[in-house]
Each structure stands twice: as structure tokens, then as C-alpha cells.
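The residues making up each chain are set out below.
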Amino acid sequence: MTQVLSRRGFIKLSSTAAAVASLSSIPGTLGAMDESQKQLKGNAKFTPSICEMCTSSCTIEARVEDGKGMFIRGNPADKGRGGKVCARGSAGFNQLYDPQRLVKPIMRVGERGEGKWKEVSWDEAYTFIAKKLEEIKQKHGAHTVAFTARSGWTKTWFHNLAQAYGSNNLFGHEATCPLAYDLAMDDIFDNGISRDFAKAKYIINPSHNVFEGIVISYARQYMEAIEHGAKVISLDPRFSTMSAKATEWHPIKPGHDLPFVLGFMHTLIHENLYNKKFVEKYCEGFEELKASLAEYTPEKMATECDIPAEVIKRMAREFAKAAPKAIFDFCHRVTLTPQELELRRAIMMCNVLVGAVEQEGGYYLNKGAGFYNKFLGENDAKAPVLKKPKIPAYPKVEFPRIDRIGEKDSEFFLAKKGNGIVTLIPKATLEDIPGVPYRLHGWFIARNNPVMTQSNTEMVIKAIKAMDLVVVHDIQVSDTAWFADIVLPDTTYLERDEEFTASGGKNPSYAVGRQKVVEPIGESRPGWRVAKELAEKMGLSAYFPYKDIEDYRLQQVGDNIDLLAKLKATGMASFGVPLLLQDKKSVAEFVKKYPSAASKVNEEGTIDFPHKIKLFSPELEAVSKKGALSYEPYKYKEADELYFINGKSAVRTNGHNGNNAWLNNLCDDAAVWIHPKTAERLGIKNGDNINVYNKYSTQKGKALVTKGVREDTVFAYFGFGHISKELKRAYGKGVNSNALYSPLVSPNSGMNLHVVGVKVAKA
Amino acid sequence: MNQIWGSMEQYNTVVWHWPIAVYLFLAGLSAGAIISAIVIKWMKGNDVSPWDGIIKAGAILAPVTIGAGLLLLITDLTRPLHFWKLLIHYNFGSVMTLGVLALFAYFPVVILFFMGLFKKELFETGSLKFLAPVADFALTYTRLIEGITLVLAVGVGAYTGFLLSAMNSYPLFNTPVLPALFLVSGISAGISANLIVGLLFFNSSTKDSNVSYLHGLDVKVIFVELFFLFILFVGMMYQGGSAEHVAKMALSTGGLSSLLWVGVIGLGLVLPIGLNFALPQGVKHSHGFVIFNSLIVLVGVMSLRYYILYAGQIFVG
Amino acid sequence: MAKKYGMIHDNNLCIGCQACSVACRSENKIPESVYRLQVWVKQEEYPNGQLGYEYHRQSCVQCENTPCVSVCPTKASHVNEEGIVLVDVDLCVGCLYCVAACPYQARYVHPVTKAPDKCTFCHESRLSRGEEPACVTVCPTDALVFGDLNDPKSKINKVLSEKVTYRQKETLGTNPKMFIVPNHKGGINS
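Residue numbers (our numbering), protein chains in the order written: chain A, 253 to 1015; chain B, 63 to 379; chain C, 51 to 240.
Worth double-checking, as some hints may not be accurate.
[Claimed, not checked] Here are the simulated EDC-like cross-link-like pairs (lysine to aspartate or glutamate), alpha carbons at most 20 Å apart as the crow flies:
hint	chain 1	residue 1	chain 2	residue 2
1	A	K297	C	E181
2	C	K213	A	E476
3	C	K208	A	D350
4	C	K235	A	D350
5	C	K79	A	E479
6	A	K929	C	E181
7	C	K213	A	E479
8	C	K79	A	E317
9	A	K451	C	E94
Calculated directly from the structure, the hints in this document are not laboratory data.
From just these sequences and the hints, can you work out the full model?
As C-alpha cells, then:
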């Protein structure tokens, strides 16, 4: 039954041109639905909500117009985002009416990946899933089913269901995205941190392309910094939009950012550019750090990263001079090296060394309600903490997770259980992992597309085909849903209410999550409802003690009706005043509002950090002997190959909205960037059809000859080359970058690697 | 950077297509036909009935070709059912409005001319007898009508050029030489068309002297046309900047430039002149040759319209 | 005094993200195959070898001396009291003279009405409601400034007085009301 997809079979599948002959709609999609059912029923006044076109989750407002159209804009009450949306946010409306959207549950009737479906009712779907889950529980154990969901969107419901069922293999998408820097923050600061870009005067930006992988608040802050004369250094193997706006662009060698940072830090320490007072007072592990860096001189590191030693030293000096208004940006997602954890730790330590933490223009600790309340006096009103409903205890699980998080010796110990190392799932299904006495047999995937987003597509598909149960909850037959047993139709983000969320920047903040702008179309159902109803089918309703989302929200705020009202009306609320511990003015303002905090202020007029900042990690040392920093050269490619890297485009995101009609019209094919000299050597001209290939896959694309990429590198935008034939507009167009990447799971961080060796030839 | 802004198909600079080229050809031919017909008519010996075949040819060609041209124009509109709005809403700053008004007057006038000329054959007896008073009217005021027709025909012939030259978005159009070139080219086409129709359908009534006169006139007109074509391109080259660049491109790029050199200049201008001076009198005034000569001139004029319309819209610098 | 609307597109702030293009499409119900607005991104190489991106906003520049209005035979193409160039579809016969005459290629034929259409500063949608054009409203980096050129205190006049601006094809004498703040690196392609 489980067919191993041969390389040839996969090539045939992925390189079939977009000549999708069938114009008819499969069962379950909106296209198959009656015309009369397609009218929009919704709010004609602007409703605040949150976008879901990418993980930036920017605040939006949307309203229905004339029952047919919709206008989406940013939420003007959000000062950080300025009431703006990007192209993807504006195009979100297309998801509602898309004929290729799934609105009824469907079950496969052929082999996985054959593309044959039949409509089933929700009851049938739940019955099927509950039965299968019970089977797996009896035969292999509930822990062999992995549950992947998204933070702030679906984790609350599906992770709850998972644990009630008896599985401890809970995951988010983080290991394909920001996990490395999350882990680094927790290791160094014991807290999350944010970056005050707008006020910085010197920013070093390694491939953090906020102008194409748009995070609106970051983009605005970077622009503000640049407009006020900040110097931005762009280290990127390709000339991105960030590189264009930056003051300097240095085409760093792909995968070699760590040597740069180490050489940079070496200069900071050995030229005595670091803030000795700050390091002495607030940090520990400096001597171990200094010792571990001794061999990483700028001269030695220059040959590794292909940036001259003089340049590395100059930047270190400029960075130190600009401190504390200096930021070494620890980026977002593009995973650059197997030493992701070391890289992010090293970057963050640079800011720490010059004391650019908790002051304007540097890093600052995220101050949620828990953190903030510690500084308030007994009689001060405290920042509200969102509650969770009372549920019975979860059944105890006797087995470790596949990433062994929670076990003493787990190399991934820094990762939270709700995030996990999702990139290990294919390996845990197909192979035996040391210390994990079982293989995975099921995967429940909510609003995630691992076939598209995890490295080495072939391996992910192979793993999916080897499982006993694959359930997907999504708005369309995504590339992962294409291989699933059953696909449940999710509501689009415009059709659902979600839980309230709490977080904090310079002070605690709260958000409404998403709010319904229109009534759900067809039979799509949101995550909170699917989890609850499925739980009922499985006899686990005690874990879902709320009637509906409104009820849940009421339980979250307790009796704080004001907060509830404010969130529903404007979409957001905050508490208190911004606090920067090392900024005298900010501290003074804080004490003015909360006089009892005066006891926490030291003689300098600032507040001490609650924890020592760790420049050396005893835990990492104990588990993996990596407490200090080190550089282990890694062979990314053969000598006769080119580096292949990917990045974000401003009009498409990830694997999710390639099929969106408007966005697909803007850009449906991502041509591969090749340097003119390389192109000449290979006999390739601009616009030629080319093959990009390595041992994992052959991808067909078009050539874009440009000087904006290194001679030894080719680049393509991510999110193309879709595999699901039901994504009719996006199917088969462009290069599927993850098909070319290796299945490596990085040590200690679990990140995939987005640098690989390829050959390019004219097709 | 990849093309992330969507399709650029709507930016195709070619807005007006071959129907407009054909219309310009027909309009110029109509004007030229009626002008040369009237010029012949005003000559001693041709000014009384029975009318020379050439005059009859012109009288038929002028309204028929302009009618066909206008029909083509209307069907080429993207909102053809609204075409009548052109007749009641005017913008006197627009060459198109002026053209509409000129045609509004020109069309009836050439029909009048036709009716007067063919009164005996068509309107004295038979089903069209009720139109006899109109034909009489035409005959009564014949000199006035012919004078007005001449003026309007020159207007129509020139307006086709002004239509294009009024646009500064296309450097090849935006020159004062164009109206003159089109008028002269239209006259040449009208002469040739009259000769063909006259010799083929009104052979008996066509005087040889008129044929050789018109042929000779045509050669002179072709010289002027060549001259205008020459100063059009040379003038642009000396203008420098984008005009020079456009001229160079238009003269050397692709099939269009071949059409210019072979079709417009070679076949339609140089060959007629060459043959005129190379062939002995007897041959070049033979009916067969005249028809052949007129045909290649017409091909050349149509090619000119097609070339100018497309080259002007494609080579924009 | 009557309003005279204009707009500034700042090449330094523009990141070519097409948010403006999509918002325009959404607000004005533009059919899928055509665009009122696109932002073209072109890679440039400066004399010292550095690379850059130039951002060109492709849309109607709202000329004061309009080639499109002068050639329209029925006055379907006209300028309103606020300086916005509009198309009265009822009067249009579809001769496409205005489409050809526009030196900025700002017009396209609307697939449904078959009349030429183009950016109208959201005149029929947002301006009538007292809101700014959709593109200006959503631009993530505030690269677009819109306002009344006749009001000395307007934001657009403030920016015009503080930053260097130019307009496209000024030599044609069209007097456009779309101003461009050039990239602070490299030359100006007017």
C-alpha cells in the first residue's frame, strides 16, 4: 500500500507543466457548490482582526461591501503598524470566493497522492478519524500520532486534543521558522527579546529581508531608522530589497554567517570595544566566551565568509561606536547553517557585549503580564493575565517525544514542548531515532503544509505515505492535503473568531486574535469547533468545557469585561507604560506611574536585569558540550556545484497563498537568479529554460541573469513549484526549493538547512 | 528583479491595428480619386457629358471607398453601438472631431457629385426616379459642389495624417511632414485607382490623352511623395535624441523595415518612376502597363499606411 | 479655492511590494486581467559599480495639460474641478485615441465596459467618502503622499518643499501632478 515515490516518479510529478486539463472542480470545493450559496453575509462596518496571509499576523480591519466585495486595510489603532497592509493582506479577500477552496470534508478514494476524493459529512469525517486514532492507540500507542498546529491560531485547540488523546508529540511550525532565535533568546536572556529598529543608528542585517518577507512593523521601523540617518549593513548572498535600501551590501558566502559573527565578536573583545561595565555587572560567562573566541580572528574568518578582515573590523568598530543605539539583527527564518543555534547566540551576544540591551535603539526584553507585574507594588492594579478553563489532568505518557524534549539529555532541551522539532517527524516515521523506542504512525496537521515547507520534499512525502493516518485541516487541498487520508475544510481567517492573546513588547499587550467579518461559507469549520467536536466523538469532551468561542473568550478574561469590550471594539489593548530597564527616562516615567517600583531602581537610576545574561551556557555544555561558541566548517556543496539559496518575495508567502488569484497573477513563476559570468560559462541567456538539479531533485525553471547574486550562487523565491494539482493556478510553476534541500535536522536547534549544492544546465 | 507586478500585456504600445491602416488608405484613396477626377473634369474637352471614364471612376470610387472605410472604422470601435455619439458630441480641439465633421460634409458631397454625374444612367427612369431632383440640384450647382468637394477632399486627405501627428507619444507620428505625406500619397492612390477602374470598366469612354496625363501627373506626385518620405526620416535623424533613435530603428528593424524598403519605396515609388523613364512611350501608355503600374502604386500606398501605423506605434524610443 | 489633487511617490520609501496595486484592485473592483496601477522594479548599476533598485509607479500621472483629453472626440475623457482626469463611459465610443495619445501608457480598455479606464485617485470610491486613495491608505512604508496642491498647508506641499522631486516626461509639456522623489543614489530618468 505504501508506495515509495521513486525519483523519476517525483520528477514527473513536480515537473509536469501547468497544463492542468481539467477545468472541473473536485467534490468538496466551492467551485462544485451552488451559485446561490456564494453570497457573503457579513459586517458592513470595519471589524478589527488579524491577518493570516503570513506569520507576521499584522492587525487589520475588514468590511464587506455590497454583499460581494471586501476591503481590507490595516487597523489604524495600531501605531506600530500604522494601519497598513501589504499586497498579501489586501488579497486575503480572494480566499473567500476561490472556486478551488475546500468547503466540505473530503476523503481520499484512491492511493495517497492520486488525487481522487469523495465528499463526506462532518459526522462521517469525525467518526473515521476517531476510529483510526483509536486503532493506532491500541496497536502502537497514542504517542505515535504527531499533532502539528500554529501558535496563536490552532495550538490551543489541537494540542489540547492531542494531550487528552494521550499524545505528547505536539508541534508547531517553529523548527522551519524562528525556532533557532527563540532558543537563543531563552538561553541567553531567559526571556524573549525584541528589537527597537526605529531608534537604532547602526544595524547589521544578515539576510533579514523585511521588505520582501514583509513584517509591516519591522519594515516601517527600518524605514524610519534609515530616514533618520541610520547606517544599515546588508549581508546577503543576493541583492535583496533590504540590500537596496541598506547603506552597504556585502555578498557574504552562503552558509558562512557564523564565521563573520565570530570574527566580528573577536574584534569587539580584542580591541576592547565592548562595554566592560555592562558585562561585569549584568553578564556571566565572559571569560569562557573570550577563551572560546581566541582562534576566530577576523583574518582567519575572512576567508571563510568571503568578507575582508578589514571590513569585519571596521564594522565592529562602527557598531561599538554607535552603541547603545546599535542592533545586530538576529533575523527571522532563513536558515543559513547547521550551527543555527550558535549563530543566533553569537549575534545576540554582540549586542550584549556593547550593552545595547534595554535602551532605545537596541534589544529589549519582552515584558508580558508575568514579567511586568513583578515590578509593581502590592496595591497597584496588575496587568491582567488571561486564564485557561479548568480541565481534567491529561493522561500520563510513558514514552519520550521524538525530539526527547523533557528528557534530561535531550539536545533540543531549549525548545518548548508546544513548539517541538517538527522537522524530525519524517525521520521519526521512516527510521529508528536513538533514544526513541517507536516510530510515528499518524500525523494530524492543522494549517501547516510540511510537504511544501519542510526540507527534502521527497522524504516528507515518503513519510506521509508510510503513515496509518494523515489528517489535514486547511482551506484548500494544499500540497500536504494532496497526500492526506482526509481533509477537513478550515474557515478562512475572515470567517472565524479566535481566542484572545497576550504578549508584551515594552509593556504587556493583548489582542483579539481574529474576529469574524463574514459568516463561514459552505461547511467550513474553525479549529476550536473541529477540535471540540472531534473530542466529543472520542469521548474527551471534558477537556473542552466551553460552548463556543465566545464562551471560551469570556472564560479567558474572567470578570474583566472592560478588557473584553476594548478588545472586541479596537482589536487591541495594552497595560501600563513602556519600560526600558536601562533607560533612565523610561525608568523615571515608570516609577512615576508605579511609585512602589522605586525600590527596584539602583543608584544609576536604572533597573537591574532580573537574570544574569548568559555569555556561556552551562546547560548546553552539559548536554552537547556546546556551552561556548565554536565554528565547525560544513561542506554545503561539491566543488563543481553552485550554492542554491532561497528567500521571500513581497507578493507571495511561503507555501500558503501561491494559489490566491490576485497574488498568482502578480507573480506565478519565480525565475532563478544567476550571475552573468556563471550564465555565460553555462551558455545560459536571460529567460532561458533551465534545470536546477542535485541528487534530491531536478527542478525546471527560467533563468534571470543578474549581477545581484554571487557568482557561486543561484537564488530562487520560495513558495513555488506546487505539487498539489488542486492548486490549479500554482501547480507546477517555478522551482520548488525545498525539493532540492537536504533532510538535515540541525543539532540543538532542529532547523532545516536552506543552503545546498546544485548544478544548473540549459533545458 | 523578477516580474512581480503582474502581466504587462496591457502596455502594448500598438493600440490601433490594421483596420485603421486600411481606413487611412481608403480615406486617402477616396480623396485622391475625387480630386483627380475633378482635375480631369475641369480640363478643356472633359467638361461636358458624356463624361470621361476616369471621371466616372472617381465619382464611384470616392463614396464607395469612404463608405467602406467608415464602416471598417465603426466596427473597429470597442463600443461600436455608440458610434453615433461621435456625430452629436464634439471636441473642436480633437483632430478626430474635425475629421468627423469634415467627413460629415465630405460624404454627402461626393454622393451628390456621383448623382449629378450619373443622372442620365440611374435617376431619369427606373426605381430611383424619385431621386432625380437631387441629381438635378447637383448638376445645377456643379462648379460650386466641385469646388467645395476639392477643399473637403484635401482636408480629408490631410486629416488622416494629422490624426496621427497630433500624438506626441509616438515620435514617428509627431511630425508636420505626415499630413503632407499622406495627402500626396492619397492623391497618388486616387489617380491609380481611377486609372484601374476607368480602364477596366469604362474602357470605351476613357480618353487616352487623359490616361497619359494622369499617369504623368502620378509620376510627379510620386516624386513629391518620395521627397516627403526622405525629409521625414532625415529630419528625424537630425533632431537627435529619441527622434534620431526611433528613425534609425524604424529604418532597420525587422519585417516592418523590409516592408518599407521593398513594399513602400521599392515597389510603390522607385519602380513606377524607373519604369516610366526606362520604357518607351508605346509600352508605358499601353492599357496593360498602366493597370500594372497603378496596381503596384496602390500596393505601395497601402504598405505605407500599414508601415507608418505599426512602425510608429512599435518604435517609441 | 477648488482642490487640485496630486500625489508623490517616494523612491526611497517604496519597496515595490505591490500592496498599492492589490488595494486598488480590491477597492475599485478592477477585472483580473488588467491593472490601474503597478510598481515596476528595475535593477540599476551605478557608476561606482554598486547595485540598486529603482521603483517606477506605473499609473495615470494626472496631467494638467492632458494629451488624452485634447484628443477625445466626444469629451468622454475630461478633467473634473479637482484636477482629476476621468472617463465618462456614457460618452465614450471606444475609438482608443486617448489610449494611444497617452505618453505614459496609463490607460487600458476595461474588459466589461470596453471603455478606457485608468487610475482616478479613487475618485468614485474613496474620495467621495472623504478617504484617501486606496494605494495611499495601505502603503506599508508611507511611500505615497496625497493631497491638495492648492492648499499651502497640505502634507503634499510640505513634502514638495522639503524634498527634491521630478516628474516623468516633463519635456512633453504635460505638467503631470504625480511627483517622484528620486532614489538618493544614482541618476534621474525623466
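Each hint tested on the structure:
At most 20 Å may separate the alpha-carbon atoms for a hinted pair to count; A:K297 and C:E181 meet this at roughly 15 Å. Only pairs whose Cα atoms come within 20 Å are accepted, and C:K213 paired with A:E476 is accepted, the gap being roughly 16 Å. Taking the CA atoms of C:K208 and A:D350, the gap is near 44 Å; set against the 20 Å cutoff, the hint is violated. Between C:K235 and A:D350 the CA atoms are separated by roughly 43 Å; this puts the pair beyond 20 Å, and the hint is violated.
Proposed proximity of C:K79 and A:E479 is contradicted: the alpha carbons are some 35 Å apart, above 20 Å. For the proposed pair A:K929 and C:E181, the alpha carbon gap of about 50 Å is over 20 Å, so the pair is violated. A C-alpha spacing of about 12 Å is found between C:K213 and A:E479, which places the hinted pair at or below 20 Å, so the restraint holds. For the given pair, C:K79 sits about 11 Å from A:E317 by alpha-carbon distance, which is consistent with the 20 Å threshold.
Simply put, A:K451 and C:E94 have alpha-carbon atoms about 30 Å apart, too far for the 20 Å limit, and the pair is violated.
Violated hints, in rising order: 3, 4, 5, 6, 9; the structure is consistent with all others.
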